[in-house]
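Residue numbers (our numbering), protein chains in the order written: chain C, 1 to 109; chain Z, 1001 to 1114.
Hints were generated in silico from the structure; no laboratory data involved.
Treat the hints with care, since some could be wrong.
Here are the simulated distance ranges between beta carbons [what the hints assert, rightly or not]: (1) Z:SER1065 <-> C:ASN66: 30 to 36 Å; (2) Z:ASN1057 <-> C:ASN7: 22 to 28 Å; (3) Z:GLU1052 <-> C:PRO14: 49 to 55 Å; (4) C:LYS42 <-> Z:GLN1082: 24 to 30 Å; (5) C:LYS56 <-> Z:LEU1073: 15 to 21 Å; (6) Z:LEU1054 <-> C:GLU5: 37 to 43 Å; (7) C:GLY59 <-> Z:GLU1084: 36 to 42 Å; (8) Z:PRO1061 <-> C:LYS56: 21 to 27 Å; (9) Z:ASN1017 <-> C:GLU5: 52 to 58 Å; (10) Z:LYS1009 <-> C:GLN31: 32 to 38 Å; (11) Z:LYS1040 <-> C:GLN31: 25 to 31 Å.
Glycine is no exception: its CB is placed at the ideal position from the N, C-alpha and C atoms.
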Amino acid sequence: QKEVEQNSGPLSVPEGAIASLNCTYSDRGSQSFFWYRQYSGKSPELIMFIYSNGDKEDGRFTAQLNKASQYVSLLIRDSQPSDSATYLCAVPSPDKIIFGKGTRLHILP
Amino acid sequence: DTEVTQTPKHLVMGMTNKKSLKCEQHMGHRAMYWYKQKAKKPPELMFVYSYEKLSINESVPSRFSPECPNSSLLNLHLHALQPEDSALYLCASSTAGGSSYEQYFGPGTRLTVT
Chain C
1 QKEVEQNSGP LSVPEGAIAS LNCTYSDRGS QSFFWYRQYS GKSPELIMFI YSNGDKEDGR
61 FTAQLNKASQ YVSLLIRDSQ PSDSATYLCA VPSPDKIIFG KGTRLHILP
Chain Z
1001 DTEVTQTPKH LVMGMTNKKS LKCEQHMGHR AMYWYKQKAK KPPELMFVYS YEKLSINESV
1061 PSRFSPECPN SSLLNLHLHA LQPEDSALYL CASSTAGGSS YEQYFGPGTR LTVT
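Whenever a hint applies, use it, and build me the whole structure from the sequences.
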């Protein structure tokens, strides 16, 4: 059974600091990885996807993938109160996407 | 435009009612999905339509039945639901089947079964 592990948090980060969210996965053959942001009561929003080892940057967000160690992380620079949400790591398997349980991020004003 | 629309936004139904949830996308995506999400849990996949072929999560009760009238529309028919079926129901779509493609979610339908 493929698994995706995330620390459930809450992770509290001061406004303006870097928030670091981590995810590990069990299937060494996984090729693509997604990060979704979900505000309370809302639907998940795709914010980053990464397919290759290394870093991928998009605005204040950086996704990092290390296939050898089987982890993927999401860095949020200059954290804002509006970044407070649950962040879901997702890893595809043949018929579906496997979601981690999500990490609750709280940005302290 | 990565928009998936869902109606209704909220639904309250009794255990003897029959209702339907609707989902639509105009992105030309060929795969559409229904998920169920309970509070503080990740989404759970219920059904996948990929190139008009249905895949079912075997654990989904028969009181939920999907319908895909065309490649842009996906319905979820509800009948004789139980209070534990109360949840956020999410529709998603992706470019093609095969989970390497990123999925885009609609706003969801908040369902309450009384």
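Earlier hints that do not hold, by number: 1, 5, 6, 8 and 9
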